[in-house]
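*Asks:* Given next are the chains, with one letter for each unit.
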Amino acid sequence: MALPTHISAPSANSTSRVPVYALVGNPNCGKSTLFNALTGLKQKVGNYPGVTVEKKVGTTYSQHGQPITVIDLPGAYSLAARSPDEAVTRDVLLGRRSDTAQPDRILCIVDATNLERNLYLVHQILDLGRPVILVLNMMDLAAQAGLRLRLNRLEHELGIPVIACEAANGKGIIELRLAMSRTDLPLSRHAWNVPAPIASAVTELQASLIAHDRKAPLIARAEALLLLTDQDSVRVAGSTPLDPRTAEILRGWEKRWEGEGTDWAGTLVNSRYEAIGRLAAEVVLPSATTGPTTSDRIDAVVTHPVWGWLVLGLVMLLLFLSIFTLAEYPMNWIDGRVAALANWVKAGMAPGDLRDLITDGAIAGVGGVLIFLPQILILFFFIGLLESTGYMARAAFIMDRLMSRVGLNGKSFIPLLSSYACAIPGIMATRTIEDPKDRLVTILVAPLMSCSARLPVYLLMIAALVPGDRVPLLTKVGIMLLMYALGTVGAFGFAWLFKRTLLKGAPPLMIMELPPYRLPLFRDVALHMVERAGLFLRRAGTVILGISIVLWFLAAYPKAPADATPTQQLAQSFAGRAGHLLEPVIRPLGFDWQIGIGLITSFAAREVFVSTMGVVFNAESSDNDTKPLRQAMLAARWPDGRMLFTPLTCITLMIFYVFAMQCMSTIAVVKRETNGWKWPVFQTVYMTGTAWVLSLIVYQAGRGLGF
Amino acid sequence: MNAEIQTLGALIVVAVAATWLVLRALAKRKNPGCGGDCGCPTDELKAKLKR
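From first to last, the protein sequence lines stand for chains R and L.
Each residue of the first sequence is one higher than the one before, starting from 701 at the first, in my numbering.
Each residue of the second sequence is one higher than the one before, starting from 1038 at the first, in my numbering.
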């Protein structure tokens, strides 16, 4: 049966709709950087694989100002998807996603320093029969590595436009826009000959896919080839089930080949690699330079089994030292301004509920969180810097030795690392993990990594409550490092436990590409910081403000008799009653009912604990002068006159926050990623249970030792 | 502003804030929780995709 192997290229102006380009390539070849350069958007980029796990859409403009839609897809090494993020790419390209129109054209981006390896995906994409523009990114790094690429030859061999590009420096973008503006983009004339023993099966499957599965001819051919190399790729969630007649044809061929002893999948893959090898030999001239590159020389130290850990330790130490030292002045400034604003309102308004709501609710609650903005910005500056340079991938490499011992997949490192910022992107980043059990284990332990929402709690406990003049800076840094280490060790410990009990599985194998070192892209780092600051401020101005206002009401009502002290008023308020209800459970941990109020409200988000303390302790303050939160908390006492926030209580509280699952948003995302309530409920119970038990041990042991 | 008016004003603000928080919590969102930070598609993006 003769079937078409080519169709005419859809013309961009043949219809009135906006042309859609899909941006695809191997992980870490610069897709998101190119996407940002084309669209002017600010998607997160990083010099490590797996930054993009969902498709993202932006608009760019042709040379004549016509809009062009660009879809940035997660990185993939092949269309035979092995992980959920690669499945997104495959399904969009094959037109399987009901929420996404099939792209008209494809921008295939490759890392010029690794052309041959990247060509496998290019080869599969050319099978789709869509107009393709090939973008050779990182040409500067290829030149530095001494690689000489014959672009004209590549263009001639493939028959499609090939654009040299340095997306990070904005070079080649104009040429790319011009190519994207073309209405007459050619289809590849590169013919890949399917090996003879397989060709008949491909044709038969293609015919059935066209007839019974309603696939377009060339998509049907690509699907047929995929069916023969990776059947699971067609049966994953989101795909339409294969028509029984097509499935029957497939089973028939498989049975026949099994009888003949033919390795059909291997034959297909090898045939592709042979074609790619021939093409690469034509295009890539041997490197003029020999010997180790600069990246190799740096890697000899930073990935060394001993020095690597030392470098990682120094980097972490530098990060936390910066958080404490550099942020001190802006933090004090914000703290002072918040107190001044509250005092200004108090001076300008007559006493009353509205004044109290503004000063003790809104300003104390939002201001209490706002003062930690400088530290959060410093944290993200360092994370951005480390991502941009390529050091993060090295950190993943040295951590992999440790992670493999506890049974964690090496690919878990990036999700766990992302969880230091926020568990939500971390949990989403687990989509890069192929094995479902490994993925689930990573999801279960990711929230144990200390996220940025815990930072205000830690800082409040360390910097504010441990009097600064009595404690050396390095001790504060040490306590902070200890909390981060505790979360990390906890994550590894529970991963080890889960892999040996609930989610037993074979030891994982990791293959990770180490990207070349690059000078940090300060623009991207700054953009990331601005985004985080915006997010933090938006959260402070919306959810935290709302909760602070409601909390003020709960702390101020019902009203006590006029002669009651502020403490009596708070104790008999709604919030006070809730705190008292919780107190029997948390009293063995050294927490009273006021801290209990914070534990309840911070279930919405951990940093709400700080704003709650702001509301609770300012509501208790009887004078007209709003004190900084740390002073108000230092003055807090148990009924017998003992200090409430002793160093032991602060440490216990921090340990509680290291382990407790105090984040509704994370629970919601875990529910979505695991398709049910079973795992989020389990996660909440095991984490909060662990937090309670460990806090109890630490507090009671500390008391026993006389602290 | 006398105390009664202040109390009324404060209670209105509290009611608005509480209503907003409840509506926000009950609102059905396909990609909850991330505040748009994790790279998930926004409503605007999804509308664009559904052509």
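Hints were generated in silico from the structure; no laboratory data involved.
Check before you lean on any hint, since a few could be wrong.
[To be verified] Derived contacts from chain R toward chain L, CB cut-off under 10 angstroms, selection only:
(1) Asp1056
(2) Leu1245
(3) Met1364
All of these numbers come straight from a predicted model, not from anything done at the bench.
From the three backbone atoms N, C-alpha and C, an ideal C-beta is built for every residue, glycine too.
*Asks:* Taking the hints in turn, state whether each one holds.
*Replies:* Evaluated hints:
1. Asp1056: At 7 angstroms from the nearest chain L Cβ, aspartate 1056/R passes the 10 angstroms test, so the hint holds.
2. Leu1245: holds, 8 angstroms
3. Met1364: holds, 7 angstroms
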